[in-house]
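Engineer: Based on the provided sequences and hints, a complete structural model is requested.
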Amino acid sequence: MEIRPLREGVSVKLGMMVVYKSRRIKLEEFSQLFNSFISFEEGRDWGLYGNILAVKHPNLVEVALIYTALRAGGQSPEEARKIVNVMRVFEFSSLALILLYRLSIDEGRYGYKMRKLGKAIAKMFEFATR
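The numbering of the sequence shown is UniProt numbering, which starts it at 1 and goes up by one.
Derived from the structure by calculation, the hints contain no laboratory data.
Check the hints yourself; a few may be wrong.
[To be verified] Restraint-style ranges between C-beta atoms, simulated for each label pair:
id	residue 1	residue 2	range
1	N59	E8	27 to 33 Å
2	A128	G50	30 to 36 Å
3	R115	L27	16 to 22 Å
4	E8	R130	27 to 33 Å
5	G43	Y112	34 to 40 Å
[As the list claims (entries may be wrong)] Subject to a maximum C-alpha distance of 16 Å in a straight line, what follows is the list of computed EDC-like cross-link-like pairs (lysine to aspartate or glutamate):
id	residue 1	residue 2
6	K13	E2
7	K123	E91
8	K21	E8
Note that CB positions come from ideal geometry on N, CA and C, so glycine has one too.
Structural biologist: Shown next as structure tokens:
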């Protein structure tokens, strides 16, 4: 997974597929998020190479996808980080698989799918933002 900065915001690329472009999300948000997980190391599992954030570990890719969906769904960085911190590994995996499946069957409407799933995840975990 690569997260590239645009003139304003970021572009999230998974393999050859650009799954989301956003003006609201900043590149620094991901490094702050990844640093909160003590089991992942910068440079080995993820890293900033030039101005591209490369995510190598599959579990961190799931975290980044869910975080991107939450931000696309209208959550603030703090609310999205709280929800991500409450979630467990199996929840990341299952929700990320659902998101990847939905993105793969309907090409071209990635932003709509990310926003829709992000709102649904935020609704499921709204207790974390209170």
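Engineer: Within a Cα-Cα threshold of 16 Å, do K13 and E2 meet the stated pairing?
Structural biologist: holds, 5 Å
Engineer: Check whether the Cα positions of K21 and E8 lie no farther apart than 16 Å.
Structural biologist: holds, 10 Å
Engineer: Could one say that the CB atoms of N59 and E8 fall in the range 27 to 33 Å?
Structural biologist: At 29 Å between Cβs, range holds.
Engineer: With 34 to 40 Å as the target window, see if G43 and Y112 comply at their CB atoms.
Structural biologist: holds, 35 Å
Engineer: For the pair supplied as a hint, K123 and E91, confirm whether the alpha-carbon distance does not exceed 16 Å.
Structural biologist: holds, 14 Å
Engineer: Taking 30 to 36 Å as the stated bounds, is the beta-carbon spacing between A128 and G50 within them?
Structural biologist: holds, 34 Å
Engineer: Could you say whether the range 27 to 33 Å given as a hint is met by the Cβ separation of E8 and R130?
Structural biologist: For R130 against E8, whose Cβ atoms are near 31 Å apart, the range 27 to 33 Å holds.
Engineer: Evaluate the given range 16 to 22 Å for the C-beta pair formed by R115 and L27.
Structural biologist: holds, 20 Å
The earlier numbered hints are all upheld by this structure, with none contradicted.
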